[in-house]
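Quick mapping for you: the protein sequence lines, in order, are chains Y and L.
Just so we're aligned, residue 1 is where the first sequence starts under UniProt numbering, counting upward by one.
Just so we're aligned, residue 1 is where the second sequence starts under UniProt numbering, counting upward by one.
Source of the hints: derived by calculation from the structure; they are not laboratory data.
Misleading hints may appear alongside valid ones.
[Claimed, not checked] Footprint (simulated), chain L over chain Y, 3 or more residues, beta carbon under 8 Å:
1) 168-180
2) 270-283
[To be verified] What follows is a list of derived Cβ distance ranges for each label pair:
3) L:K148 / Y:E291: 48 to 58 Å
4) Y:E204 / L:S210: 41 to 51 Å
5) L:P66 / Y:K209: 22 to 32 Å
6) L:G174 / Y:G111: 34 to 44 Å
[Said to hold, decoys possible] Below, computed lysine to any residue pairings styled on SDA-like, alpha-carbon distance capped at 25 Å:
7) Y:K143 / L:N243
8) L:K148 / Y:K92
9) Y:K327 / L:A266
10) Y:K143 / L:K171
11) L:K115 / L:H285
12) Y:K92 / Y:Q313
13) L:K216 / Y:Q63
14) L:K171 / L:E295
Using N, Cα and C, we set each Cβ at its ideal position, and we do this for glycine too.
There are 2 protein chains.
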Amino acid sequence: MNPINAQIQLVSRPQGEPTLDNFKLVEAAVPELAEGQVLIRNHFLSLDPYMRGRMNDGKSYAQPQPLNEVMMGGTVGEVVASKNAAFSVGDKVVGMGGWQQYFVVDANQRGVIQKVDTTHIPLSAYLGAVGMPGVTAWYGLVKIINPKAGETVVVSAASGAVGSVVGQLAKARGARAVGLAGGADKCRYVVEELGFDACIDYKEHRDLKSLSAALKAACPDGVDGYFENVGGMILDAVMLRANAFSRVAMCGMISGYNGEPIPMSAPQLILVNRMKFQGFIVSEHMEVWPEALKELGGMVATGKLKFRESVAQGIASAPEAFLGLLKGRNFGKQLVKLV
Amino acid sequence: MNPINAQIQLVSRPQGEPTLDNFKLVEAAVPELAEGQVLIRNHFLSLDPYMRGRMNDGKSYAQPQPLNEVMMGGTVGEVVASKNAAFSVGDKVVGMGGWQQYFVVDANQRGVIQKVDTTHIPLSAYLGAVGMPGVTAWYGLVKIINPKAGETVVVSAASGAVGSVVGQLAKARGARAVGLAGGADKCRYVVEELGFDACIDYKEHRDLKSLSAALKAACPDGVDGYFENVGGMILDAVMLRANAFSRVAMCGMISGYNGEPIPMSAPQLILVNRMKFQGFIVSEHMEVWPEALKELGGMVATGKLKFRESVAQGIASAPEAFLGLLKGRNFGKQLVKLV
Numbered sequence: 001m002n003p004i005n006a007q008i009q010l011v012s013r014p015q016g017e018p019t020l021d022n023f024k025l026v027e028a029a030v031p032e033l034a035e036g037q038v039l040i041r042n043h044f045l046s047l048d049p050y051m052r053g054r055m056n057d058g059k060s061y062a063q064p065q066p067l068n069e070v071m072m073g074g075t076v077g078e079v080v081a082s083k084n085a086a087f088s089v090g091d092k093v094v095g096m097g098g099w100q101q102y103f104v105v106d107a108n109q110r111g112v113i114q115k116v117d118t119t120h121i122p123l124s125a126y127l128g129a130v131g132m133p134g135v136t137a138w139y140g141l142v143k144i145i146n147p148k149a150g151e152t153v154v155v156s157a158a159s160g161a162v163g164s165v166v167g168q169l170a171k172a173r174g175a176r177a178v179g180l181a182g183g184a185d186k187c188r189y190v191v192e193e194l195g196f197d198a199c200i201d202y203k204e205h206r207d208l209k210s211l212s213a214a215l216k217a218a219c220p221d222g223v224d225g226y227f228e229n230v231g232g233m234i235l236d237a238v239m240l241r242a243n244a245f246s247r248v249a250m251c252g253m254i255s256g257y258n259g260e261p262i263p264m265s266a267p268q269l270i271l272v273n274r275m276k277f278q279g280f281i282v283s284e285h286m287e288v289w290p291e292a293l294k295e296l297g298g299m300v301a302t303g304k305l306k307f308r309e310s311v312a313q314g315i316a317s318a319p320e321a322f323l324g325l326l327k328g329r330n331f332g333k334q335l336v337k338l339v
Numbered sequence: 001m002n003p004i005n006a007q008i009q010l011v012s013r014p015q016g017e018p019t020l021d022n023f024k025l026v027e028a029a030v031p032e033l034a035e036g037q038v039l040i041r042n043h044f045l046s047l048d049p050y051m052r053g054r055m056n057d058g059k060s061y062a063q064p065q066p067l068n069e070v071m072m073g074g075t076v077g078e079v080v081a082s083k084n085a086a087f088s089v090g091d092k093v094v095g096m097g098g099w100q101q102y103f104v105v106d107a108n109q110r111g112v113i114q115k116v117d118t119t120h121i122p123l124s125a126y127l128g129a130v131g132m133p134g135v136t137a138w139y140g141l142v143k144i145i146n147p148k149a150g151e152t153v154v155v156s157a158a159s160g161a162v163g164s165v166v167g168q169l170a171k172a173r174g175a176r177a178v179g180l181a182g183g184a185d186k187c188r189y190v191v192e193e194l195g196f197d198a199c200i201d202y203k204e205h206r207d208l209k210s211l212s213a214a215l216k217a218a219c220p221d222g223v224d225g226y227f228e229n230v231g232g233m234i235l236d237a238v239m240l241r242a243n244a245f246s247r248v249a250m251c252g253m254i255s256g257y258n259g260e261p262i263p264m265s266a267p268q269l270i271l272v273n274r275m276k277f278q279g280f281i282v283s284e285h286m287e288v289w290p291e292a293l294k295e296l297g298g299m300v301a302t303g304k305l306k307f308r309e310s311v312a313q314g315i316a317s318a319p320e321a322f323l324g325l326l327k328g329r330n331f332g333k334q335l336v337k338l339v
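With the sequences and hints as input, model every part of the structure.
Below is the structure:
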């Protein structure tokens, strides 16, 4: 008899902040495999801020998450049955397995799942530092900010899956890395464990003037590159400290995901400081993945790239963990362990 | 006896909108020339929106205009006396001669004045289409927007010295050119004389919804490139119509020059549409001037690049003409004729 698959579906679209009522746990038997298909047992599910954007129906860079279907999401897992010659039982794979325990896929679709090597790299890292978040950090830092040694790079959400990699890559290039994170514990981790030069606790700075003063102290030579994960007041404060010819990689604006857009207070600074702003989605730049993963995998395997994970237990915990992620309650990469 | 030089000085910094009281007409005899110096009689003075920014004392990309000194500004004129072997009486030159009738310069300083050829190009054009405004248009269009044939390029202040060149260069590259200008006369000129595909009279659209609808009608395939001269609501409206991977050349934000910064309403669209914004100052890109001036000069000489001038008469009229420029009362390149 086939195993039972528990999955989380989106059953209504959040108005503003999502709630547990937007999600529903549904169970069904795993179907029989057709020729070419593979059955994967998901070991870890990745929770990421971009998922909030997909829960809306409006215009965005991706199709909205359909209602009454399994929530989309990246996963790593193990092949437990295969009718495809390219995949064997026991293979470890990464793919878009969704918020569920099992995942059936036609493995003849190129790129839909990828085998991964767990000899030197833990399986979960393929959802973080050696996966989409890591490549996101790499693209924004290397292709947009492109820091020179001695320049100052600032990154928001610095203890998170993306931000932590941005700072460590910047340090590896001889730049000064300054993080922004919420709370003393996260800031201590960013400096002491990840090796950033400084980290500002944004929760201690509730207005633009205070935050801008903290940035001035942490960045005495100004800001040459900013990796934007949050938007809102933090972006305004960084722009006040931006140097001429500074670059801003626009990766996420989590502060505006739940409601009305948050304006940029002083766009004329783009002109005054001859800044470059560039928005990007890493899935549109597949050409950089091999180069990025090579650097990231090598750094993780040799212990030069550190990361931290917040792990929720069991598929039923995914909605709660996701709401916590949107509030910054996670510490490092947010995962759900499914086995 | 040396001629009397009348000049306009800045005597106080405007709070908000400038007034005539901020300026003063001062007369003094032209000094004797020292070795290496040249005396130039200015024929035309260029008035440009950037001058408003320099009248402030705050942080900007350029030194503030000093008080009680001649206003800085670009000029074209004729050498009337020379103690420099490289320049002869009768030579036509372009330089930063200031708001005055005469101008003494050490012509051994490289690049401080440049000889120009008026055989096929009128002298005044070296302050417009074949000068700083033209190269500004060229840089933003070619180096930042870089339109492909069939793409849509929008430019604000489309009948002005910069905007008119942006649209004509875009058309020359096979793109669709859409202008924004204030008033039916300017819009008619932009379409009928300059050859833009469409022009929107922003004065007929007093709110974002109306302006955005007009842009949708004028740009049925969305906006791929935007050349920003004004800021404020027009930028917000264009961002609502921006295509994926669109580029915004930030050249000026005249709407915010007089007072409080005008916010950008929806900066998350930079991310959603993976846009690139880039601020620039053309004087920092001297390496492109020869290539740009070659194309611009060739197009003017052969009648392929059209332009229009608003000409005020006499140095005393410069302050009034400048205030009019800030209000969009000029029609085409604003000059002051000094001879």
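For each hint, the structure was consulted:
1. 168-180: violated (count 0)
2. 270-283: holds (count 12)
3. L:K148 / Y:E291: 48 to 58 Å: The hint (48 to 58 Å, Cβ to Cβ) is violated, given that K148 of chain L and E291 of chain Y are roughly 27 Å apart.
4. Y:E204 / L:S210: 41 to 51 Å: holds, 43 Å
5. L:P66 / Y:K209: 22 to 32 Å: holds, 30 Å
6. L:G174 / Y:G111: 34 to 44 Å: holds, 35 Å
7. Y:K143 / L:N243: This hinted pair holds, its Cα atoms lying about 21 Å apart.
8. L:K148 / Y:K92: Between K148 of chain L and K92 of chain Y the Cα gap is close to 44 Å, so the pair fails against 25 Å, i.e. violated.
9. Y:K327 / L:A266: holds, 22 Å
10. Y:K143 / L:K171: Violated, at about 31 Å.
11. L:K115 / L:H285: Measuring from Cα to Cα gives roughly 20 Å; hence the hint holds.
12. Y:K92 / Y:Q313: Distance ~20 Å between K92 of chain Y and Q313 of chain Y Cα, so the pair holds.
13. L:K216 / Y:Q63: holds, 22 Å
14. L:K171 / L:E295: Satisfied, since the Cα-Cα distance of roughly 14 Å is no more than 25 Å.
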